[in-house]
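Asks: If you're matching them up, the sequences are chains A and Y in order. Each number in the numbering used here corresponds to the 1-based position in the first sequence with 239 added. Each number in the numbering used here corresponds to the 1-based position in the second sequence with 12 added.
Simulated from the structure, these hints should not be mistaken for laboratory data. For clarity, every value in this text was computed on a predicted model and none was experimentally measured. Certain hints may be false.
[Said to hold, decoys possible] What follows is a list of derived Cβ distance ranges for each label pair: (1) Y:Lys71 / A:Lys353: 18 to 28 Å; (2) A:Ala275 / Y:Val112: 44 to 54 Å; (3) A:Ser419 / Y:Tyr135: 23 to 33 Å; (4) Y:Val52 / A:Glu255: 29 to 39 Å; (5) A:Phe373 / Y:Asn87: 16 to 26 Å; (6) A:Lys353 / Y:Ile37: 46 to 56 Å; (7) Y:Val112 / A:Ala428: 27 to 37 Å; (8) A:Ala349 / Y:Val112: 36 to 46 Å.
[Said to hold, decoys possible] One-sided and incomplete, this derived list gives chain A residues near chain Y with beta-carbon spacing under 8 Å: (9) Lys254; (10) Thr279; (11) Leu285; (12) Ile404; (13) Ser431; (14) Leu432; (15) Gly504; (16) Arg505; (17) Ile512; (18) Val520; (19) Thr523.
Even glycine gets a Cβ: it sits at the ideal position worked out from N, Cα and C.
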Amino acid sequence: MITAISYKSKQINFKEKAFKKTLALSAIIVVVILLAIFFTLLINSLPSLKAIGLKFFYQTTWDPVSDQFGALPFLVGTLLTSFLALVISTPFSIAVAIFLGEYYKKGPVAEIFKNIVDLLAGIPSVIYGFWGLFVLVPLVRELEMKLHVAPYGVGIFTSSVILAIMILPFSVSLSRQVISMVPSHLKEAAYSLGATRHEVITKIIIPYTKSGLFAGLLLALGRALGETMAVTMLIGNTHDLPTGIFSPGNTMASVIANEFTEATGRIYTSALIEMGLFLFVVATIINVIGKQIIKRFTLE
Amino acid sequence: MEMVLEAELEKKKKLSQSRLADKHIGRRNKKNIFFKGLIVTATVISTLPLLFILFYIFKQGVGALNWHFLTHLPNPVGEPGGGVSNALVGSIMILLVSCVIAIPIGIVIGIYLSEEKRSRLGYYCRLAVDVLQGIPSIVIGIIIYEWVVRPMGGFSALSGSVALALMMLPSIIKSTEETLKLLPESLKEASLALGVPYYKTIMKVIVPTGLSGILTGVILSIARVIGETAPLLFTAFGNPFMSTNILKPMSSLPLIIFNYATSPYNDWHQLAWGASMVLILMILILNIISKIVQRKWKVQF
């Protein structure tokens, strides 16, 4: 009898340990996957790192035939589209965040707008690109005719507009979260002194949430840097250095998307992977900093 | 006499002050109203793109959408009609396989993170999940190309599934963790106090209680990756024919939208609009299902 019980308890003990081990092991797997991603990118971009070195970042010719891989045009394209998208979307995203975080926190109006923002986040990148190609491109072309610049239609500006729409839901959800965390006693104190809502928002809420809002913008920027499909469809895919916001260009992600399957030669593939490594490192740094700021803000 | 005059003066002074205050308040009120108007206008403008996009896709896609469209292969260039059955089947198969890979791993890691709130491994794991979530999807494509496609010697639906699974993982982990964290400690303690072993407490008490939250997270993560194109470009690759072999290239809805949208042919654009509409409807339905699950099976404490 006693042996039976102890046998059973041993069995349970074993299962208990196995269960806890499995849990811990699976947690280790995620960390290992992440490290493996980094090292896979690094090792595969070594040939290009060795052959091209720093020229990768300042040379402007990208010519796979003569083995010249200068990624400056794509770097400029990536930064230009992302920052322009951020500039376009920020006023709107902050407005929507204030709308949902302060004016309409609950009720049917809030529900409708929340659902719209969620849906906006749910539309796939490729559909944004498709829509942009058939609706936005003709509009931009008309605008370019009026401004007397070459009417490509596709280009940096068009991609930035689509990117701005795509990152809006992301920064809205972060900013709204931050705005809703402003302690109510601060707001109430201001109201009791006779402040209007406008004054409470500009003098209490925004200064209080400054760091959180900044983190939201940073994370949205990280999102924009790596966005691929819509940009690939709308940016024009030229290998020249962009001359202005209306000129066609290319981003790192779209170059990878366009050329990776066709790349022949070790250095060509490796140069494309090096761009992937760059995107990975930048996105990771932005993400970690942004998340840290938000975490610190939440703890306060 | 003088007293009266002084009182009069005082009165006048007060009056003008209050008038000044009135004016000041009026200005502040106007500013307040103007500001609200600005916010509301900007918010309404922000929602316009969604309405435009949905409207346009429905307008273009509704004509293409019928039974024929869902059950036939795409026609070659020059022949109008045809369907996207290969992409529909491909999308569903790729997603099913990625669910099989990602859901168990994601839930197990989520359980670990909700249990180990302060351990060092938990901290690094959480950090890794955050970073994983932020990796551009095109980079995931490169990684899976190096990990799966190259060793296997060619593009395959399986590699596409692995790529999508990698993209689903962070959101499944996060939703599981968040759901289980919200369950009261007393629930676990009650079960343990009855002598139920730890693993049974987790599997039979904690996980079932949080099931609706976990399921919602899983459905939303499917909705998020169903339209992912970039990681499939160098993995599943696409296939103009019907294929159900997961070791061979396979088509999927986002891939044919990309290929047909960027082609110069009108018939193919029509197919792409139809496919976009199918994709958006699938995403809408998944979102609605997640809301229903959330509402129906909600466990409250």
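Asks: Each hint needs a verdict: does it hold in this structure or not?
Replies: Consistency of the hints with the structure:
1. Y:Lys71 / A:Lys353: 18 to 28 Å: 26 Å Cβ-Cβ, so the 18 to 28 Å window holds.
2. A:Ala275 / Y:Val112: 44 to 54 Å: The hinted range 44 to 54 Å is violated for Ala275 (chain A) and Val112 (chain Y), with Cβ atoms some 21 Å apart.
3. A:Ser419 / Y:Tyr135: 23 to 33 Å: 26 Å, holds
4. Y:Val52 / A:Glu255: 29 to 39 Å: The hinted range 29 to 39 Å is violated for Val52 (chain Y) and Glu255 (chain A), with Cβ atoms some 57 Å apart.
5. A:Phe373 / Y:Asn87: 16 to 26 Å: 21 Å, holds
6. A:Lys353 / Y:Ile37: 46 to 56 Å: 34 Å, violated
7. Y:Val112 / A:Ala428: 27 to 37 Å: 55 Å, violated
8. A:Ala349 / Y:Val112: 36 to 46 Å: 38 Å, holds
9. Lys254: 6 Å, holds
10. Thr279: 5 Å, holds
11. Leu285: 13 Å, violated
12. Ile404: 5 Å, holds
13. Ser431: At 16 Å from the nearest chain Y Cβ, Ser431 (chain A) fails the 8 Å test, so the hint is violated.
14. Leu432: Interface hint status for Leu432 (chain A): violated (12 Å vs cutoff 8 Å).
15. Gly504: Violated. Min distance 15 Å.
16. Arg505: Arg505 (chain A) check fails; min Cβ-Cβ to chain Y is 13 Å, beyond 8 Å.
17. Ile512: This hint holds: Ile512 (chain A) lies near chain Y, its Cβ roughly 6 Å from the closest one there, short of 8 Å.
18. Val520: 10 Å, violated
19. Thr523: 5 Å, holds
In summary, the numbered hints that this structure violates are 2, 4, 6, 7, 11, 13, 14, 15, 16 and 18.
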